[in-house]
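Top to bottom, those sequences are chains A and B.
For the first sequence, counting from 1, position 114 maps to 114 in the numbering used here; every step adds exactly one.
If you want the numbering used here, it's the 1-based position in the second sequence plus 275.
Covered stretches of chain A (chain B as the covering partner; in silico rule of three or more C-beta atoms under 8 Å from a C-beta of chain B):
hint, stretch
1, 25-34
2, 83-90
3, 109-119
4, 133-147
5, 255-266
The set of hints was computed from the structure by calculation and includes no laboratory data.
It should be emphasised that the depicted structure is a prediction, and the values quoted were computed from it without experimental measurement.
Where is the CB? At the ideal position from N, CA and C, for every residue including glycine.
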Amino acid sequence: MNRRTWARPAAHLVLLAGSILMLFPFLWSIGTSLKGMNEVFTYPPKWFGEELKFANYVHMTERFPFFRFFFNTVKITAIVVALQLVSSSMAGFVFARLRFPFRDGLFGIYLATLMVPAQVTMIPTFLLMKYYGLLDTHLSLILPGIVSAFGTFLLRQFFSTIPVALEEAARIDGCTPFGIYWRIFVPLSKPALATLGIFIMLGTWNDFINPLVFLSSMNKMTLTLGLANMQGLYSTDWPALMAATVITILPILIVFLAAQDLFVRGVTLSGLKGE
Amino acid sequence: MLLPNVLGFLLFLLLPVLATFAISFSDWNLTDSFQWRGVDNYKELFEDKVFGQVFKNTFVFTLVSVPIGIALSLVLAVFLNQKLRFVRFYRAAFFIPVISSMVAVSVIWQWIYNPEYGLLNYALSWFGIDGPAWLTSPRWAMPAVIITSIWKSLGFNMLIFLAGLQSISDSYYEAADIDGAKWYSKFARITVPLLSPTTFFVTVMSFINSFQVFDTVYLMTQGGPARSTSVMVYYVFQNAFQYFRMGYASAMAYVLFFIVMIVTFIQFWRQKKWSVY
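Turn these sequences into a full structure, and let the hints steer you where they fit.
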């Protein structure tokens, strides 16, 4: 019983110290993004400058088309999330419920590709895009993003838990397989679809290596690639760089804070594979 | 209904996996005519000193960052599992680095690591330590990359551990309390063994992810200084998209694939063994 007296304060102390270590770099970058150029290089460092220069955010967009990057990223992410959810849920439904020859063999091949590192498929995909003249287009990021073995696997597992009795009643009433998918499985799987959607969104928004390989012109770039390029060109303009960094993180942060429980469920779900 | 998915799967997953294997036996550089090289690319890998270095760096990165990251996230999860107030706040704080883009995180950390004006060396100076030029020092660049990577992934592992901890029944701890067990023996004899499937899963996932580290290295150090932070994926990227040695890069990608495959099979095998819990 003695333990109770110190365990909780100790836990709070450790977790609070940890939280500060996690959050401080972000708070620091916000402070830096509002400083004047000369105030950045002061020693000892100060959190905020003399006055808050919100104009840094305007300057940043004058030198780099950040609105364009933002728009491109939103566009690509929205399309990939929508199409991947549709393709994964349809295929997941087929693998879970319909019978056809070689179904389990085909699903086995899907499963096997789960362990393939992304770098293994990148070179042929690059050659394919080059051959069809799709390099430096958003299609080169969207097309491979439509299909995911992980998404198909996740939804197939979820659909398998839906009772067969539900669809039998519908089938007797003359419902087609597509009707069963659309009217029964999709509405029942909203939480699973939302969780997968958030994962796809995170991955697409933060993706760096694919835009780096497939895109080259400035007006096509995504936020991550634009930020990396800006860093290459203005490596000492820390206020502008930090402003761009804040803009890159902020939208995802807002989504996260609004749907924290969904994120947590998603991580827990991916963790359950181990048990 | 299956057709779009299967077509995409064949075109962007299965076909590329096989094509990379084929290309790895060629000397393709995108422009000149294509010639088969047999296993020469694989032979060259064994003789390539840079690849040896890159291979070693990848292992060092993995073998240092994975155990430290797992130990820290386990301790945090144990603290977080005590039905505390502000759990949502702590959980969010640790998870924000996870959801942030690695590019943004790299920019922020480069500024923290700045030898003259950076926060880290300023903090070290309070303790009378004259901090190194982190990212431009062959000795300290790798530790710097490792620190940033651990910081970024801590929250993810912590959440998985938390889910694992919550699945352990309270009755074990109650029984131990009746027997008068101390907190450390409860941790060592109940928590650690019952959590072992989760721990193993987190280890395997972290191992696979660490082996594929790229963004951090590309952005913070460009693999330098003097190749001290070049890792496998970075070298694959350089060979494929900077030197345009598609064949050689493909062979390297397959070596990476092979390692990941072995680790995955170990995971499957242990998973079966652990089904008793």
